[in-house]
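Peer 1: Here is what each chain is made of, one letter per residue.
2 protein chains.
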Amino acid sequence: MTYQVPIQDIRFILRELADLRGVLALPGFEEVSEDLVDAVLEENARFVEQEIAPLNRAGDTEPARWSEDGVRTTPGFKAAFQAFAQGGWQGLPHEAELGGQGLPKLVAAPVTESINAGNLAFSLCPLLTDGVIEALSMVGSDAQKARFIPPLLEGRWTGTMNLTEPQAGSDLALLKSRAVRQDDGSYRITGQKIFITYGDHDMAENIIHLVLARTPDAPKGVKGISLFIVPKFLVRDDGSLGARNDVVCASLEHKLGIHGSPTAVLLYGSGQGEAGEGGAVGYLIGEENRGLEYMFIMMNAARYAVGLQGVAVSERALQHAAAYAAERIQGNALEGSAGPVPIVRHPDVARMLGTMRGLTEGARAVAYVAAGYRDKAAHLADEAERARCKAIYEYFVPIVKGFSTESSVEVASLGVQVHGGMGFIEETGAAQYYRDARILPIYEGTTAIQANDFIGRKLVRDGGAVARGQIAGMRETAAALRAASGVHADALAMIGERLDTAAGAYESALAFVLEHVREDIRGVFTGSVPCLMLAGTAHAGWQLGRSALAAAAAIGEGSTDAFHPNKIATAVQYAAHVLPRTLALQSAIRDGGLVDRYVRQAQI
Amino acid sequence: MTYQVPIQDIRFILRELADLRGVLALPGFEEVSEDLVDAVLEENARFVEQEIAPLNRAGDTEPARWSEDGVRTTPGFKAAFQAFAQGGWQGLPHEAELGGQGLPKLVAAPVTESINAGNLAFSLCPLLTDGVIEALSMVGSDAQKARFIPPLLEGRWTGTMNLTEPQAGSDLALLKSRAVRQDDGSYRITGQKIFITYGDHDMAENIIHLVLARTPDAPKGVKGISLFIVPKFLVRDDGSLGARNDVVCASLEHKLGIHGSPTAVLLYGSGQGEAGEGGAVGYLIGEENRGLEYMFIMMNAARYAVGLQGVAVSERALQHAAAYAAERIQGNALEGSAGPVPIVRHPDVARMLGTMRGLTEGARAVAYVAAGYRDKAAHLADEAERARCKAIYEYFVPIVKGFSTESSVEVASLGVQVHGGMGFIEETGAAQYYRDARILPIYEGTTAIQANDFIGRKLVRDGGAVARGQIAGMRETAAALRAASGVHADALAMIGERLDTAAGAYESALAFVLEHVREDIRGVFTGSVPCLMLAGTAHAGWQLGRSALAAAAAIGEGSTDAFHPNKIATAVQYAAHVLPRTLALQSAIRDGGLVDRYVRQAQI
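Protein sequences, first through last, are from chains D and B. Just so we're aligned, residue 13 is where the first sequence starts under the working numbering, counting upward by one. Just so we're aligned, residue 13 is where the second sequence starts under the working numbering, counting upward by one.
Careful: at least some of the hints might be erroneous.
Which copy is meant is left open, because identical chains are indistinguishable; a pair holds if it fits in one copy or across any two.
Said to hold, decoys possible - Computed cross-link-like contacts, SDA-like style, restricted to lysine to any residue with a CA-CA straight-line distance of at most 20 Å: (1) 157 <-> 81; (2) 232 <-> 348; (3) 235 <-> 348; (4) 157 <-> 299; (5) 188 <-> 397; (6) 232 <-> 402; (7) 188 <-> 342; (8) 188 <-> 433; (9) 232 <-> 342; (10) 157 <-> 247; (11) 235 <-> 218; (12) 235 <-> 342; (13) 232 <-> 28; (14) 402 <-> 202; (15) 402 <-> 99; (16) 188 <-> 354.
It should be emphasised that the hints constitute simulated quantities derived from the structure, not laboratory data.
Build the full structure now, drawing on both the sequences and the hints.
Peer 2: And the structure:
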């Protein structure tokens, strides 16, 4: 088995932490039972473990290749994508009215995570397609929805997001691609887009590019950007495929990781299609000059999904390292042993695995809890409650994206270290996660971009209201942990104390941010990423603290499942080795003003 | 320019922090003037920048290749090695009586660092050769020294260290390679060695393998290991090369990084040489069964050198990222700007670069300070003083190895992040450092092995005496920083406060280790790597604090060199963003007992 979906942990988090029952009781989910959720998770695990996880290494060693006739993906990917489509997995998270299965995000989240863990490079194709479906469903015209969504949902076509140009990465104000309106209401698009994931491939019949471009008379900056649908093959009125559009893949990037995912340079309007002169044929979505706003619809979904990718790579790296540490015999035990022992017996290997496991399971729990709020924001009957849950979900998006992905780099790096010299040998497989994970804190908005969003829109805008509510929750759990009795009381108390310290650090950082952001914005943003990481570290610790309480309760009720003491051990390791980082982060945030002053004075 | 040797920082550290003057005044260095040191550094910089740094990327993209006729290294490496040999660089750190140049380690350290920064994969060949020269000079017979050392020093031959076997990595007790004594006093060696750096190549005429193996009647475990010289080509009495010995390279590893460095599987006694049956011809070094002890001679030198490799990769990654951040225009300034600005103006990019620079320059200063103690340990007239300096140097070796290499992984990862999406594209070059650096915390003893050495032999054995002396030094610098006046008083005070906190954290961790190591060894070693990292973080902060004081003094004396305010800014950034990590590490160390208890109870 190359990868096993951690289905017991998934179920535990859904039920004990993320209020699965509450979500299933929401209006609109009447037909979704806990049994159905279990069945979906089990079928998903089978699909991931048997169909796509075994292709993960092939994606790395036999990357997608450019050819004159289009990009050829890794052998096996096309068949796997067909299986994916036939399994209905693309439709799983989407509304029933669109033709999706209408399952809660809370159920879609573990499914997405597992597919990504099975094969990160493969899964980017459905991930981007999800974003396109989401954007079309929110802002597309009825005709656009009818034409484009069903084939995307069915996995016959796939989608891409076209933002980046060589001079315009994080700063979309610098976009140059042009769109000129034609008499028939369509547009002709010209320009060059880079870093287009699955910008060309052979896994589906058609590719629907969503492209940001400027009309000739558009305002400068981000307020002059419009969003267009540009299909690879034009679509006739009956839905059949017509002329090849003037969008071509000029080359693929040679990347550090996710080799199986073709990253394309796309040329629009280079005169190579069959659809006439003047550029690629595109169709405006919504209104002109509102493209960035629409793109953010895709982007927020994609950011959350990339956060799940972080959890996914972490889990896979963890499983790989844990298996090696259990098998590799090397060195006597510190306390004495008859001979060499499996390296997991050495305290530092246990520390590394525990840190990996805590970061992975903590980030997973935070992501699922966030998904639960997303479902409530969409389905609760009470409007004020919906708004409250929406604000909490949006608060979580940069945390899920930033914390899970930064953690995945650390987890994958520890995974290499656990393997010792073997970790540096590519055939071992640990190195692939280290390479693959490195893109996650970059794409769909770097960690700094997430941190800007977090501070500017999620902490400052509401005066810290949502954050304070979360901190109060942390304090409550900390108090429960410290008050716990029973055989695990000392462990729970320690977790409670470290969680309390973390909550205090978060509170102090929040106060600093709110107090200084107006008069010293640079000083505050010098601590932006530390602040985001502090929040993520504390939230993950909170969820692991709740896990420990739930596990202790299960043990108290007679559970003999090793899962429960293991969960407590993971929470203990995280509380000891990770939660106190919040102290360092808080200190860094509070020094922001002085740091910024010195950095600006210096000429470095 | 692909890489610039940071010669101003090197000189600053040598003079202001590492007591170059005191070292040059030692007996034995009468002929080494400060001017000579400058000339060596300048010539070295020229060699690095012009000869080997430009080959760094070729080493990555055109790795060494196995062939039936032996391993072929990257085009250009052979000529570069000849230039290296002709420049006398191999001899630089070695005693004049051996034919070396007899320069202080304090001067050899920046030279080694720079060569490694220029080309890490290339530099492994001289690094290993240094270790072989050192071992032969310490424990070889006069005949062995006379025969093998001169060609190694001249760069006509190179050397390797052969420890690892598939079942024996960190645990050398599990070694199986055999050595059988022959009537002529030589031995026949059989067995398989893996991970042999430059185990075969085409850059020199001969390769001298130092090989650990067991004689037939040797005791079990590490006390039954002997050390042998096994030349690739046997050496005739006149020094000319004779028959091809029965040691062959069976394959090269496919590695995550340092592709230019061939990592060989070597077969001894597979019957493929011209030197008869029964195994490769080898010559015992010193006495039987003392091989591990001798190997540690090489290993300590190699560990220190690998620490310098950490500094080297960090510096190179830093230069790459800083150049990109100064050029890449993206996004308006937070405080407002007329248009997009270079990304270095964004606070989080400045944070990343400052963290990279602080870790790099801090680790460099610690390494050079350690080298100064090494020189004093070897050259001081007073025996007690020599012993004191030797203990301090040995205390530093695991810190230099562990902290510099772990930091290099972080620095290289931040370097990718600074580049955004471009960092993930191999052609950009940032990804290579991220891949290359990853081996550094593994080879020549993983960070956990360094941490075991640190706690067991460097903290506990002397009851914490050396460490307490160092902590007292930190406290003194912290007091001086807090008492400083002048325009930079607030910055110096902040650095002083963070350094004081770090010293306190170290003191507390040390007390915990000493108090609990007897009764709860596993609990203490659960915090072994955190303890080593705490020490490294505090020591680097100490040296940066001293740097800030020296820079402020220079400014006070009228310096208008931007180097000085920049140095203060780096110290400020490190004090804010890195030093407070010591709080988290201390907390983790103190929780070790509970963590270990729970990990052992759990079945994970």
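Peer 1: Now tell me, hint by hint, if it's right for this structure.
Peer 2: Evaluated hints:
1. When the C-alpha separation of residue 157 and residue 81 is checked against a cutoff of 20 Å, the pair qualifies neither within a copy, at 29 Å, nor between copies, at 64 Å.
2. Proximity of residue 232 and residue 348 under a CA criterion of 20 Å is satisfied inter-copy only: 17 Å between copies versus 71 Å inside one chain copy.
3. Within a single copy, residue 235 and residue 348 get their C-alpha atoms only as close as 68 Å, which misses the 20 Å cut-off; across copies the closest is 18 Å, which meets it.
4. With identical chains, the CA atoms of residue 157 and residue 299 are at most 20 Å apart within one copy only, with a shortest distance of 16 Å there and 82 Å across copies.
5. Taking identical chains as interchangeable, the C-alpha atoms of residue 188 and residue 397 are never at most 20 Å apart, the minima being 42 Å within one chain and 69 Å between chains.
6. For the identical chains of this complex, residue 232 and residue 402 are neighbours neither inside a copy (32 Å) nor across copies (66 Å), given an alpha-carbon limit of 20 Å.
7. In this assembly of identical chains, the alpha carbons of residue 188 and residue 342 lie at most 20 Å apart only when taken from different copies (14 Å versus 58 Å within one copy).
8. For the identical chains of this complex, residue 188 and residue 433 are inter-copy neighbours only, at 18 Å across copies versus 47 Å inside a copy, given an alpha-carbon limit of 20 Å.
9. Within a single copy, residue 232 and residue 342 get their C-alpha atoms only as close as 63 Å, which misses the 20 Å cut-off; across copies the closest is 15 Å, which meets it.
10. In this homomeric assembly, residue 157 and residue 247 come within 20 Å of each other (Cα to Cα) only inside a single copy, at 13 Å, whereas the closest approach across copies is 80 Å.
11. With identical chains, the CA atoms of residue 235 and residue 218 are never at most 20 Å apart, being 30 Å at best within one copy and 68 Å at best between copies.
12. When the C-alpha separation of residue 235 and residue 342 is checked against a cutoff of 20 Å, the pair qualifies only between copies, where the shortest distance is 17 Å, while the shortest distance within a copy is 61 Å.
13. Taking the closest pair of Cα atoms, residue 232 and residue 28 never come within 20 Å of each other, the shortest separation being 50 Å inside a single copy and 52 Å across copies.
14. Neither within a single protomer nor between protomers do residue 402 and residue 202 lie at most 20 Å apart by alpha-carbon distance, with minima of 38 Å and 69 Å respectively.
15. Proximity of residue 402 and residue 99 under a CA criterion of 20 Å is satisfied in neither setting, with 31 Å inside one chain copy and 67 Å between copies.
16. In this homomeric assembly, residue 188 and residue 354 come within 20 Å of each other (Cα to Cα) only across copies, at 19 Å, whereas the closest approach inside a single copy is 58 Å.
The structure fails to meet hints 1, 5, 6, 11, 13, 14 and 15 from the earlier list, while all remaining hints are met.
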